[in-house]
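Asker: What follows is each chain in one-letter form.
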Amino acid sequence: MEGSTISKLKVFTAWQDDKEEEWLREMSCRGLHLTLPLFPCVYTFIRGEPHDIAYRLDYIPRMPRDERGNYLQVFRDAGWEHLGEMAGWQYFRKPVQAGEPPEIYTDPESKVRKYLRLLGALAVPFMTPIIIVAVTRTHDRPHLPGFELFSIALILVYLFLTYGLVRIAWRIRQLRRL
Amino acid sequence: MSEHTPIRKYLPLTESTYYILLALAEPRHGYAVMQKVAEISQGSVEVGPGTLYGAFATLEKEGLIEKVREADRRKTYALTAKGEAILQEQVHRLEIMARVGAAWATHRR
Numbered sequence: 001m002e003g004s005t006i007s008k009l010k011v012f013t014a015w016q017d018d019k020e021e022e023w024l025r026e027m028s029c030r031g032l033h034l035t036l037p038l039f040p041c042v043y044t045f046i047r048g049e050p051h052d053i054a055y056r057l058d059y060i061p062r063m064p065r066d067e068r069g070n071y072l073q074v075f076r077d078a079g080w081e082h083l084g085e086m087a088g089w090q091y092f093r094k095p096v097q098a099g100e101p102p103e104i105y106t107d108p109e110s111k112v113r114k115y116l117r118l119l120g121a122l123a124v125p126f127m128t129p130i131i132i133v134a135v136t137r138t139h140d141r142p143h144l145p146g147f148e149l150f151s152i153a154l155i156l157v158y159l160f161l162t163y164g165l166v167r168i169a170w171r172i173r174q175l176r177r178l
Numbered sequence: 001m002s003e004h005t006p007i008r009k010y011l012p013l014t015e016s017t018y019y020i021l022l023a024l025a026e027p028r029h030g031y032a033v034m035q036k037v038a039e040i041s042q043g044s045v046e047v048g049p050g051t052l053y054g055a056f057a058t059l060e061k062e063g064l065i066e067k068v069r070e071a072d073r074r075k076t077y078a079l080t081a082k083g084e085a086i087l088q089e090q091v092h093r094l095e096i097m098a099r100v101g102a103a104w105a106t107h108r109r
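Top to bottom, those sequences are chains H and B. By the working numbering, the letter at position 66 of the first sequence is numbered 66, and the numbering carries on one by one without gaps. By the working numbering, the letter at position 56 of the second sequence is numbered 56, and the numbering carries on one by one without gaps.
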């Protein structure tokens with residue numbers, strides 16, 4: 001049914017942005033085109049004609065308000081449609097012509113800078129548990145019933161973040177090898 | 001890096017940066033630079049919007065380019081004296097590289 005919307009739940013981590021881009025392109029090729037609102041892990045699609053559309057995600061966590069207009073204009077001039085922003089991620093799309101899906105980052109070092117921004121943004125939640133543990137002394141920590149469980153959860157989140165940082169650092173290394 | 005950084009610290013320029021600086025031989029805004037690069041590189045180098053926006057930000061911060069105008073959310077940039085000097089040095093180096101390479105190629109036959 002044309003024009004109707006459908007929502008899908010899918011988890012992509014920060015370092016799987018390329019997989020997310022591929023998946024969104026697949027959806028468009030099947031006639032499902034990403035639409036607003038953009039929400040973590042919840043994707044809303046509008047049904048329509050199948051088109052081969054490339055999706056690209058940029059990561060700009062802190063964009064000064066007066067810069068935003070200029071930033072978007074460069075993309076608009078180059079034929080990219082800006083869908084919206086979600087947690088620092090900018091969603092762009094452009095129809096694919098002549099086989100090769102277009103890129104917003106055509107130079108490996110510039111792409112590296114995007115992933116460095118991502119590393120920088122993830123460094124804050126990464127450092128927080130370290131700081132908390134470093135600053136509080138053992139006998140000061142409360143022996144509340146849920147505390148051990150909370151500590152375990154915190155450690156798991158921490159390990160997950162570490163894994164993410166390693167994956168991103170690896171991607172940067174791969175880009176620099178080209 | 002600042003105004004007193006020696007030129008050679010910026011070299012070699014990446015292909016994209018080299019062409020972007022060349023495209024700014026005349027003041028241009030973002031998309032015009034992208035088009036000019038495709039033209040002068042004879043289609044061999046393409047600059048995407050993400051790359052271009054980042055390059056502008058870095059080049060402006062390093063003092064190689066400066067904003068001369070802003071209209072309709074488009075900033076027009078031009079080379080600074082420093083930018084020209086760096087570009088000049090890069091061209092000079094590439095000339096040497098090309099000459100040496102050509103000599104090697106003819107010598108092989």
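Since the hints were made in silico from the structure, they are not lab data. Warning: the hint list may mix true and false statements.
[To be verified] Partner residues aside, some chain B positions facing chain H, computed with beta carbon under 7 Å:
1) T14
2) A25
3) S44
4) V47
5) G54
6) K61
7) A71
8) R74
[Unchecked claim] Cut-off 27 Å, straight-line C-alpha distance, at most; resulting in silico cross-link-like pairs (DSSO-like, lysine-lysine):
9) K82/B <-> K61/B
10) K9/B <-> K61/B
11) K94/H <-> K75/B
12) K36/B <-> K94/H
13) K82/B <-> K67/B
14) K10/H <-> K94/H
It should be emphasised that the depicted structure is a prediction, and the values quoted were computed from it without experimental measurement. Think of the CB as a built atom: it goes at the ideal place given N, C-alpha and C, for glycine as much as any other residue.
Asker: Hint by hint, say whether it matches the structure.
Answerer: Quick rundown of the hints versus the structure:
| no. | hint | result |
| --- | --- | --- |
| 1 | T14 | 6 Å, holds |
| 2 | A25 | 20 Å, violated |
| 3 | S44 | 12 Å, violated |
| 4 | V47 | 6 Å, holds |
| 5 | G54 | 5 Å, holds |
| 6 | K61 | 12 Å, violated |
| 7 | A71 | 11 Å, violated |
| 8 | R74 | 6 Å, holds |
| 9 | K82/B <-> K61/B | 12 Å, holds |
| 10 | K9/B <-> K61/B | 15 Å, holds |
| 11 | K94/H <-> K75/B | 23 Å, holds |
| 12 | K36/B <-> K94/H | 21 Å, holds |
| 13 | K82/B <-> K67/B | 14 Å, holds |
| 14 | K10/H <-> K94/H | 22 Å, holds |
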